[in-house]
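**Student:** On the provided structure of chain A, position chain B as indicated by the hints.
Protein chains in written order, with the working numbering: chain A, 1 to 486; chain B, 1 to 486.
Since the hints were derived computationally from the structure, they do not count as laboratory data.
Note that this is a predicted model, so its numbers are computed, not measured.
Take these hints with a grain of salt, some might be off.
Since the list can't tell identical chains apart, any single copy or any two copies may satisfy a pair.
As the list claims (entries may be wrong) - Using 27 Å as the maximum straight-line C-alpha spacing, the simulated BS3-like pairs for lysine-lysine come out as follows:
| # | residue 1 | residue 2 |
| --- | --- | --- |
| 1 | Lys61 | Lys26 |
| 2 | Lys61 | Lys336 |
| 3 | Lys336 | Lys26 |
| 4 | Lys61 | Lys309 |
| 5 | Lys446 | Lys318 |
| 6 | Lys36 | Lys26 |
| 7 | Lys36 | Lys102 |
| 8 | Lys309 | Lys478 |
| 9 | Lys446 | Lys336 |
There are 2 protein chains.
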Amino acid sequence: MSKKNQLGVTPLSEDVSAWYNEIVFKAELADRGPAKGTMVIRPYGYTIWELLQAQLDQRFKDTGHVNAYFPLFIPESYLHREADHVEGFSPELAVVTHAGGKELDEPLVVRPTSETVIGEMYSRWITSYRDLPVLINAWNNVVRWELRPRIFLRTTEFLWQEGHTAHADQQEAMDETMQMLGVYAEFARTVAAIPMIEGEKTPGERFAGAVRTFTIEGMMRDGKALQSGTSHYLGTNFAQAFDITYTDVNNEVQHVHTTSWGMSTRMIGAVILAHGDDQGLVLPPRLAPIQVVMVPIGRDEDGVAAAAKADELAAELKAAGVRVHVDHRDASPGFKFSDWELKGVPLRVELGPRDLEAGHVVVAHRVGEVDDKGRAVKQQIPFADFVSGVPALLDAYHDMLVERAETFRDENTSVVDNWDAFEAQVATGFAVAFHCGRPECEDDIKSATKATPRCIPLEGEAAEGVCIRCDNPSAYGKRIIFGRAY
Amino acid sequence: MSKKNQLGVTPLSEDVSAWYNEIVFKAELADRGPAKGTMVIRPYGYTIWELLQAQLDQRFKDTGHVNAYFPLFIPESYLHREADHVEGFSPELAVVTHAGGKELDEPLVVRPTSETVIGEMYSRWITSYRDLPVLINAWNNVVRWELRPRIFLRTTEFLWQEGHTAHADQQEAMDETMQMLGVYAEFARTVAAIPMIEGEKTPGERFAGAVRTFTIEGMMRDGKALQSGTSHYLGTNFAQAFDITYTDVNNEVQHVHTTSWGMSTRMIGAVILAHGDDQGLVLPPRLAPIQVVMVPIGRDEDGVAAAAKADELAAELKAAGVRVHVDHRDASPGFKFSDWELKGVPLRVELGPRDLEAGHVVVAHRVGEVDDKGRAVKQQIPFADFVSGVPALLDAYHDMLVERAETFRDENTSVVDNWDAFEAQVATGFAVAFHCGRPECEDDIKSATKATPRCIPLEGEAAEGVCIRCDNPSAYGKRIIFGRAY
Chain A
1 MSKKNQLGVT
11 PLSEDVSAWY
21 NEIVFKAELA
31 DRGPAKGTMV
41 IRPYGYTIWE
51 LLQAQLDQRF
61 KDTGHVNAYF
71 PLFIPESYLH
81 READHVEGFS
91 PELAVVTHAG
101 GKELDEPLVV
111 RPTSETVIGE
121 MYSRWITSYR
131 DLPVLINAWN
141 NVVRWELRPR
151 IFLRTTEFLW
161 QEGHTAHADQ
171 QEAMDETMQM
181 LGVYAEFART
191 VAAIPMIEGE
201 KTPGERFAGA
211 VRTFTIEGMM
221 RDGKALQSGT
231 SHYLGTNFAQ
241 AFDITYTDVN
251 NEVQHVHTTS
261 WGMSTRMIGA
271 VILAHGDDQG
281 LVLPPRLAPI
291 QVVMVPIGRD
301 EDGVAAAAKA
311 DELAAELKAA
321 GVRVHVDHRD
331 ASPGFKFSDW
341 ELKGVPLRVE
351 LGPRDLEAGH
361 VVVAHRVGEV
371 DDKGRAVKQQ
381 IPFADFVSGV
391 PALLDAYHDM
401 LVERAETFRD
411 ENTSVVDNWD
421 AFEAQVATGF
431 AVAFHCGRPE
441 CEDDIKSATK
451 ATPRCIPLEG
461 EAAEGVCIRC
471 DNPSAYGKRI
481 IFGRAY
Chain B
1 MSKKNQLGVT
11 PLSEDVSAWY
21 NEIVFKAELA
31 DRGPAKGTMV
41 IRPYGYTIWE
51 LLQAQLDQRF
61 KDTGHVNAYF
71 PLFIPESYLH
81 READHVEGFS
91 PELAVVTHAG
101 GKELDEPLVV
111 RPTSETVIGE
121 MYSRWITSYR
131 DLPVLINAWN
141 NVVRWELRPR
151 IFLRTTEFLW
161 QEGHTAHADQ
171 QEAMDETMQM
181 LGVYAEFART
191 VAAIPMIEGE
201 KTPGERFAGA
211 VRTFTIEGMM
221 RDGKALQSGT
231 SHYLGTNFAQ
241 AFDITYTDVN
251 NEVQHVHTTS
261 WGMSTRMIGA
271 VILAHGDDQG
281 LVLPPRLAPI
291 QVVMVPIGRD
301 EDGVAAAAKA
311 DELAAELKAA
321 GVRVHVDHRD
331 ASPGFKFSDW
341 ELKGVPLRVE
351 LGPRDLEAGH
361 VVVAHRVGEV
371 DDKGRAVKQQ
381 IPFADFVSGV
391 PALLDAYHDM
401 LVERAETFRD
411 ENTSVVDNWD
421 AFEAQVATGF
431 AVAFHCGRPE
441 CEDDIKSATK
451 ATPRCIPLEG
461 EAAEGVCIRC
471 DNPSAYGKRI
481 IFGRAY
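Looking at chain A on its own, in the form it has when it is part of the complex (with noise of 0.2 Å):
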C-alpha cells in the first residue's frame, strides 16, 4: 500500500506510475474519455497545450512554414501504397466502414499521421522546380489504436502537429529534417525546460516509410527516456507512392525528396514527468498557465484590505503580460499553498496584514532552497520591486528547472562496457554503449532488460569497439544510447 500524502497523492519516489495518475486526475489536467484509450484535455492541461502551440507555432513560421488542415479520413488503399508505412500502422487502425446510413464502398481509416493524403495533394500542387520548396505544417488530431493507453503519453486520439514539406533534392530536404530537429530540442529547452538529447534512430526504431528518424529524447524524473518529437527524411517513398513529381530547370522530371516531422500532446506527459515531485507538478513557467498565484491572508478588516492590495498587484502583473490568479476562495492558507503546489505553480505570492504594514509581498517558489527544516526559504519583496521584478524571477526558475533537469540526467547517464553495468544501469536510468547495429540483438537487448536504443546522439564522439550484448563489433561509429522509455 502507498503512502499517500496530505492530497491523496502518492509520492513519486514510491510508484510513478500512480503518481502519475493521480497528478493528471488531481490537477484537472485532463480525464478519461468514455471511448477505450480517449482522453478528455481538461481547461488547465489545455491551457499548457495552447501555450506550447502558440509558441512552437512562431518557431515554424519564423523558418518559413504555413499552415493547413487535411482531411481527418484516408481511403484505406492510399495507406498500401508505401509498403513499409502500411505494415508500420495497420494494427493501429480506427477504420469507418458505415457512413450516412449506408456501407461505403471502400472503408475510410481515420488518419493515424498524413503522409498518404499529402502526398496525393502534393502530387497535385507540384508540377515545376518552381512550386518547391512546400513548407505546410498542420495542427490537428490523429487516431492509434492503443493496447495499453496512457493518458498524453499514448492515448488512442491526441492532438499534434505533422509538418510536411517536399523539396528538390536530398541536401535541402536533410537540412529541413534537422533544422526542425534543432527546433524542437530548442523549443523543449527554452520553453518546457527539459534539456533534450538529440540523435538518429537505428533501423529499427524508425518510422514507417522514413529513410532516416531523427529523435529527441528526454530523462524522466524516474531515469525512463521519453521521445519527445521526431523529424524524418522520407527520401522519394512517398514522392514514388504518390507520384510527386516536378519539372527541373533542365526540363526533366524528377520525384520530390519529402520530410515530416511531428510533436504531440505527449510533450504535456515529459513536462509532467521531467519536473515532478512528491508534492505535484512541477511547471516550467513559459508552459505554465498560472505563473503567479497570489493568496491573501487574514481575516476581517485586515485580511480585505491585504486582498485588495493582492488584486491591485495582480491588475499591474497581468498588464505586464504575467498569468496571474488570485486566490479568494474560503480556505486555510495551507490547504491552498498545498493545492497551488499541487498545480505547480511557478511563483506563489503570500501577502498577509503584517506584510500589508511592512510593505512587502513574501514569495515562494514551487522549487527551490529549502531550510533545515525541509520549508521553502521564502523571500520577502517590497511592492516597489515586486512587479517588475517577476519576469526576472521566471527566468531564473525556469533556468533552474532547466539546469536542475541536466544535472538529474548527467548523474543518471554512464558510459558503460560490460553487461551487468550495462543492466545495472538502465534500471535507473541511460546507458551509453557500443552496438553491433543488430534488430535481433537489440530485440535480445531488450527482452532481458526492458532498454531500447534511444539514439545514436548526434553529439557522440567517434569510437569504435564491441557490442555490449554480443561482443560483435560496433556499428554506427559512436556509442549510442539505451534506456527505458515511456
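**Tutor:** Just chain B now, with coordinates in the frame of chain A:
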C-alpha cells in the same frame, strides 16, 4: 456557356455557383480531399481561419470562457440518450466499426457535435452549485455526412468551435445563449465586415435537442441567406439524458441548464459570398492574410531601386503590425494586379521609377471609386505619410465593406403582404412577412419557392396579421424573415 474573364473565372453576376467553385480553387483557398465531401484547406484559406480563430477566441476569453478538448469518438449509445438529438443526427453519422484489427463491441460515432460526450463529462465534474457555471469552449473538427457537399459551406468534415456551458438556472443559461449570439454578431460585423440579422429559429429549424435556437443570418451577394453561427438554449434536455445535477444552496439536487453555440469554417464561405465580385475575392482587412500587396514596377536599375524602396516600406509596415507582401515575381504588372484582385487583397501599392522620383506610392483599393472608364481611382501618398496612414486606410476600407453589405441587404429586403410579392422577393432577397407558425405551412412555402424562415428577428416590431401563405393568424407576434439559403 459562361463568359470567363482573363483569369478564367466565370463572373459572379452570371453564375454564382460556378464563380464560387472557381474562386475557391484559383485563389488557392481550398481543394477537394480524396474522401467524398472532404476538403483540404490550403495555406491561403487556412490563414483566414487562423485570423478568425484568434479574434473569436479572444472574445470567448474576454467573456470568461476557457478552452478544452473532448474526444472525437463517441459511443453510439450516447447519441440515443436524447431522443430529438439522435433523430436529427443519425442520417449524417460516420461510424467506426473496426479498430486495432478487430470489430468493436460497440461502434463509435465520429462526433457530429459534442453535446453527448460533454454531457457525460459534466455529469462527472459537476456536483455542487460551487462548480457552476461551467464555461468551456472547444476548437475541433466534426463530421456530418453530406450528400451535396460544397467547400466551406457544407463539407463532410469541417472545423469549428463549439461552446458548452452549464448553469444553475434557466435565466442564467438564457443570458449566456443571448450573450454568445451577440458575440457572433459583433464578431461578424467587426471582423468579417458582414452585418448580420440576429433572430430565433422557428421550431422546425431548431437544433436537434435544443429548446430554443438563435442564429445570425447574413445576406450573400446573390440575395441568399447564409446561417453563420448559432446559439442554443438546451434547457435540461441533455442534463436529464446525462444526469448532470448539482446540489443547490438549499442542499437540493437540481438539473443544470445547458447551452451550446458554434461557428465554423462555413464563415469563410460567408466571407467569399458576402463580399466577392467578378474579379474574385474581396477580403475584409481583419481576415486578410495579406492586407497590403506592394508591386514594384520597372526594369533595369530604376526597377531595382523601386523594388528596394518597396522592401524598405514593407519592412516598416510589417513592424507596424500590417500583413504585407512584396510581389517580386518576374511577371507583368497587369498579371500581378489581376492575380492580387483574384486573391482579394484590400490594398495594392504600386511603386515605379517615376513614383520613386516623386517620393510617393500609388495606392489602389480592391473595392473603391472608379473613374468614368470603370478603372479604379488611385491615390498618391507621399512616402512620409504612407506607413503611418495604412491602418486608417484599412479601417476605412473595412467600414466601407460593412456599409456596402448593409446597403445591399437593405435594398434587397422588403416587407411583403401578398403571395406574388413574396415569391418575387425571395427570388432575389429577403421577404419580411407574417407567418402562421405551422411546420407544414413552412414546408409548403419551401416547395413552392425554395425559401425557408431564416429567423424571427430580435429587432422586429411587434405586429399581428395573417400568414403570407395560408391566411391563418400570424404567430410570433411580429413579422419574420424568409429567404433562400445556402
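**Student:** Can you list which hints this structure breaks, lowest number first?
**Tutor:** 5, 8 and 9
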